[in-house]
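The listed protein sequences correspond, in order, to chains F and H. Our numbering puts the first residue of the first sequence at 1493, with every later residue one more than the last. Our numbering puts the first residue of the second sequence at 1493, with every later residue one more than the last.
Hints listed in this document are in silico derivations from the structure and should not be mistaken for laboratory results. Mixed in with the good hints, there may be bad ones.
Note: identical chains are not told apart, hence a pair may lie in one copy or across any two.
[To be verified] Straight-line alpha carbon distances no greater than 16 Å define the calculated EDC-like cross-link-like pairs of lysine to aspartate or glutamate that follow:
no., residue 1, residue 2
1, K1542, E1571
2, K1532, E1563
3, K1532, D1543
4, K1532, D1507
5, K1542, E1555
6, K1532, E1571
7, K1551, E1503
8, K1542, E1503
9, K1496, E1550
10, K1542, D1507
11, K1554, D1527
12, K1532, D1548
13, K1546, D1507
14, K1554, E1568
15, K1496, D1527
16, K1551, E1568
17, K1551, D1507
18, K1546, E1515
19, K1546, E1563
20, K1532, E1515
21, K1551, E1563
There are 2 protein chains.
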Amino acid sequence: MNIKVFVSLREGVLDPQGQAIREALNRTGYSNVNDVRVNKVFEISVSGSKDSIKADVEKFSKELLANPIIETFRIEWGE
Amino acid sequence: MNIKVFVSLREGVLDPQGQAIREALNRTGYSNVNDVRVNKVFEISVSGSKDSIKADVEKFSKELLANPIIETFRIEWGE
């Protein structure tokens, strides 16, 4: 099945990449852009039913895809 | 208002970062992971109503956030 894992920086954690993009946009004429944060989506194909893979996917999302100190994650289960 | 710009690699474009993550997952015991693609979500705060900023957001998404040769993008309009 196909799943998506959305990994986002926790509130309050600085995002230098997002800041650089905001500054570039402001300089390029988009002065109304106030804030940019860059997050990730992992699109993953895994063999097995949701029941059989749920624990694994939650485990590797927490331990390998996200850094729980500065990031949170959310899993979207597809087909 | 808050908008999200989802930037994804076009089908057929190689994703070395995703491949490296798939290999790491396979090595770590998750042998049922077949494919991983890493995409980006830009969360952006822009001053103005949707009507007043729509053209600007579409323009900078196409020209600055995504590389149209290898990526596609989709805009989600929030509040």
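Quick rundown of the hints versus the structure:
1. For the homomeric pair K1542 and E1571, the shortest alpha-carbon distance inside one copy (9 Å) is at most 16 Å, but the shortest distance between copies (33 Å) is not.
2. In the homo-oligomer, the alpha carbons of K1532 and E1563 lie at most 16 Å apart both inside one protomer (10 Å) and across protomers (15 Å), since each shortest distance falls under that limit.
3. In this homomeric assembly, K1532 and D1543 never come within 16 Å of each other (Cα to Cα): the closest approach is 25 Å inside a single copy and 28 Å across copies.
4. Proximity of K1532 and D1507 under a CA criterion of 16 Å is satisfied in both settings, with 13 Å inside one chain copy and 14 Å between copies.
5. Taking the closest pair of Cα atoms, K1542 and E1555 never come within 16 Å of each other, the shortest separation being 19 Å inside a single copy and 38 Å across copies.
6. For the homomeric pair K1532 and E1571, neither the shortest alpha-carbon distance inside one copy (21 Å) nor that between copies (21 Å) is at most 16 Å.
7. Proximity of K1551 to E1503 under the C-alpha cut-off of 16 Å is found in neither arrangement, the shortest distances being 23 Å within a copy and 28 Å between copies.
8. Taking identical chains as interchangeable, the C-alpha atoms of K1542 and E1503 are never at most 16 Å apart, the minima being 30 Å within one chain and 25 Å between chains.
9. In this homomeric assembly, K1496 and E1550 come within 16 Å of each other (Cα to Cα) only inside a single copy, at 11 Å, whereas the closest approach across copies is 25 Å.
10. In the homo-oligomer, the alpha carbons of K1542 and D1507 never lie at most 16 Å apart, since the shortest distance is 33 Å inside one protomer and 25 Å across protomers.
11. In this assembly of identical chains, the alpha carbons of K1554 and D1527 never lie at most 16 Å apart, being 27 Å within a copy and 18 Å across copies at closest.
12. With identical chains, the CA atoms of K1532 and D1548 are never at most 16 Å apart, being 20 Å at best within one copy and 23 Å at best between copies.
13. For a Cα distance limit of 16 Å, the shortest separation of K1546 from D1507 qualifies neither inside one copy, at 30 Å, nor across copies, at 25 Å.
14. In the homo-oligomer, the alpha carbons of K1554 and E1568 lie at most 16 Å apart inside one protomer (14 Å), although the nearest pairing across protomers, at 26 Å, exceeds that limit.
15. For the homomeric pair K1496 and D1527, the shortest alpha-carbon distance between copies (12 Å) is at most 16 Å, but the shortest distance inside one copy (25 Å) is not.
16. In this homomeric assembly, K1551 and E1568 come within 16 Å of each other (Cα to Cα) only inside a single copy, at 15 Å, whereas the closest approach across copies is 29 Å.
17. For the identical chains of this complex, K1551 and D1507 are neighbours neither inside a copy (25 Å) nor across copies (23 Å), given an alpha-carbon limit of 16 Å.
18. In this assembly of identical chains, K1546 and E1515 lie within 16 Å of each other by CA distance neither inside one copy nor across copies; the values are 40 Å within and 20 Å between.
19. For the homomeric pair K1546 and E1563, neither the shortest alpha-carbon distance inside one copy (20 Å) nor that between copies (30 Å) is at most 16 Å.
20. With identical chains, the CA atoms of K1532 and E1515 are never at most 16 Å apart, being 20 Å at best within one copy and 19 Å at best between copies.
21. Taking CA atoms no more than 16 Å apart as the test, K1551 paired with E1563 passes inside one copy only; the shortest distance there is 15 Å, against 30 Å between copies.
This entry does not satisfy hints 3, 5, 6, 7, 8, 10, 11, 12, 13, 17, 18, 19 and 20, going by the numbered hints stated previously.
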